[in-house]
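Asker: One-letter residues, chain by chain:
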Amino acid sequence: MLRKFLLACMVLGTFTIQTQAISINELNGSPQFKNVYEKTYSYGDGSSNRDVFFLNTYSVESLEYAAPHYKLKGTVYSVNERARDWAITEYELTATYDTNYSLASLIQAQQSVKPSPAMYAVIKAAQDESGIQIELQAVKRYTWDGTVVNSPARLLHESRPLDRSRSDQDLFTIADAMFVVAYQQHFDDIVVK
Amino acid sequence: MKRFLFFMAILCVWCVSFTSVKAVSNVELRDTSRFEHIISKGDTGGGDGKYIELSTVKDVSTSASTKSIEAKIYVVLPSSNLIREYTIHYDYNLNYSFANLVARMPEFKQQFPDFYLGEIWNIKMDDSGIVGTVKAQQDYTLHGERKPTQPGYKGYEHVTFLTPTDFDFESYHVANRVFKKVFGVFYDDVIR
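Residue numbers (the working numbering), protein chains in the order written: chain A, 211 to 403; chain B, 193 to 384.
Honestly, the hints are just simulated from the structure, not real lab data. Every residue gets a Cβ at the ideal spot worked out from N, C-alpha and C, and that includes glycine. There may be inaccurate statements among the hints.
Unchecked claim - Sample of chain A residues with no beta-carbon within 10 Å of chain B, all distances over it, derived:
#  : residue
1  : I234
2  : Y268
3  : S269
4  : L273
5  : W296
6  : E302
7  : S326
8  : Q337
9  : P371
10 : Q379
11 : H396
As the list claims (entries may be wrong) - Where chain A lies over chain B, by a calculated footprint (3+ residues, C-beta under 8 Å):
#  : segment
12 : 265-271
13 : 304-311
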């Protein structure tokens, strides 16, 4: 009886792991995964690396809705294409949004300024405060065919406000994509009146 | 031969005196009748800063869609006993000013129904609309003595304290302030 139970557990465990693992083919082929950001890095020797981010659109859930503040959580996969190896990393991304700092809100606020609205002030305000904070937790690593990588290397965890700069362009775009999935509007198009 | 040597000596003395007149010290940069301190987020508060030499600022525009400015800007780094003088040329594409792009939103929306405000930000990240070109640079000590100018790192010669003027760089804001100095309005507030 115990032997049968253990065997059943093993079979169940194996299937569970297989269904949770993710491969390049699934990310590219399944409609629930949306390519939300990609960037190619070219080097002087002619080589290049490419990072592609997929959002699992079915995973986006609202944790908080108190306009103008919102909090969403979703699962994101980064595919790092390198000359010698490919790697997939699964992340849990929690993003907190304050639409007082969306571009539409900042522009709207400036348009009421007399004698003339100052769009340069919008740039300064948006660069000082993007309106989005994230908590990013790497969960698992996979090879290109979906095999889980068991590595002693620590999984990334960071929690911080995003910058509207090149260095955070990927996370800002992904957080915006989650916002679109949840509310059918881009973060920067929301106007707080 | 003696005459020639005498002439050369006179020439050297003249050159040295000429260059020392042109040299700028940290004390001189505080003279607000000649220089304006460009308030910059990049300043640490440790005495560093950027100063524009007012008499050198020139509108050299040759087209209606692109304004051009030339100026001398000094970057002070007390910890390195360095004043670096830049002769810089800025080109401002007025089509890419933030105000102009925002004003064209309805047109963009009509052309591309999925266009959203954040894409204006991305356009600016790809092309800020300002191109800064360093035409010459010269190093001085804080006391205004000339010193050999350090060449830029190989492959990064275009990277200076004032260039490139990418949208998310502090140098972009310096260029915006220089534009205001000449035209009375920030570059990003101009609508064509």
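Asker: Please check whether the beta-carbon of I234 of chain A is more than 10 Å away from every beta-carbon in chain B.
Answerer: holds, 27 Å
Asker: Does the claim that S269 of chain A lies off the interface hold, with its Cβ farther than 10 Å from every Cβ of chain B?
Answerer: holds, 22 Å
Asker: Tell me if chain A covers the segment 304-311 of chain B under the three-residue, 8 Å CB rule, please?
Answerer: It holds: at least three residues are needed, and the segment 304-311 of chain B offers 3 whose Cβ sits within less than 8 Å of chain A.
Asker: Beyond 10 Å from every Cβ of chain B: is that where the Cβ of Q379 of chain A lies?
Answerer: violated, 7 Å
Asker: Three residues minimum, CB to CB under 8 Å: does the segment 265-271 of chain B make the cut for coverage by chain A? Let me know.
Answerer: violated (count 0)
Asker: Per the stated criterion, does the least C-beta distance between E302 of chain A and chain B lie above 10 Å, as a non-interface residue requires?
Answerer: holds, 24 Å
Asker: Against chain B, does Q337 of chain A hold up as non-interface, every C-beta pair farther apart than 10 Å?
Answerer: violated, 7 Å
Asker: For H396 of chain A, is the shortest CB-to-CB distance to chain B above 10 Å, so the non-interface label stands?
Answerer: violated, 4 Å
Asker: Hey, does W296 of chain A actually stay past 10 Å from chain B on C-beta?
Answerer: holds, 27 Å
Asker: Evaluate the condition: distance from the CB of L273 of chain A to the nearest CB of chain B exceeds 10 Å.
Answerer: Answer for L273 of chain A: holds, closest chain B Cβ roughly 22 Å.
Asker: Should the label of S326 of chain A as a non-interface residue stand, given a Cβ cut-off of 10 Å to chain B?
Answerer: violated, 7 Å
Asker: Non-interface claim for Y268 of chain A: all C-beta distances to chain B beyond 10 Å?
Answerer: Label holds. Min Cβ-Cβ 22 Å, cutoff 10 Å.
Comparing the model with each numbered hint stated earlier shows that hints 7, 8, 10, 11 and 12 do not hold.
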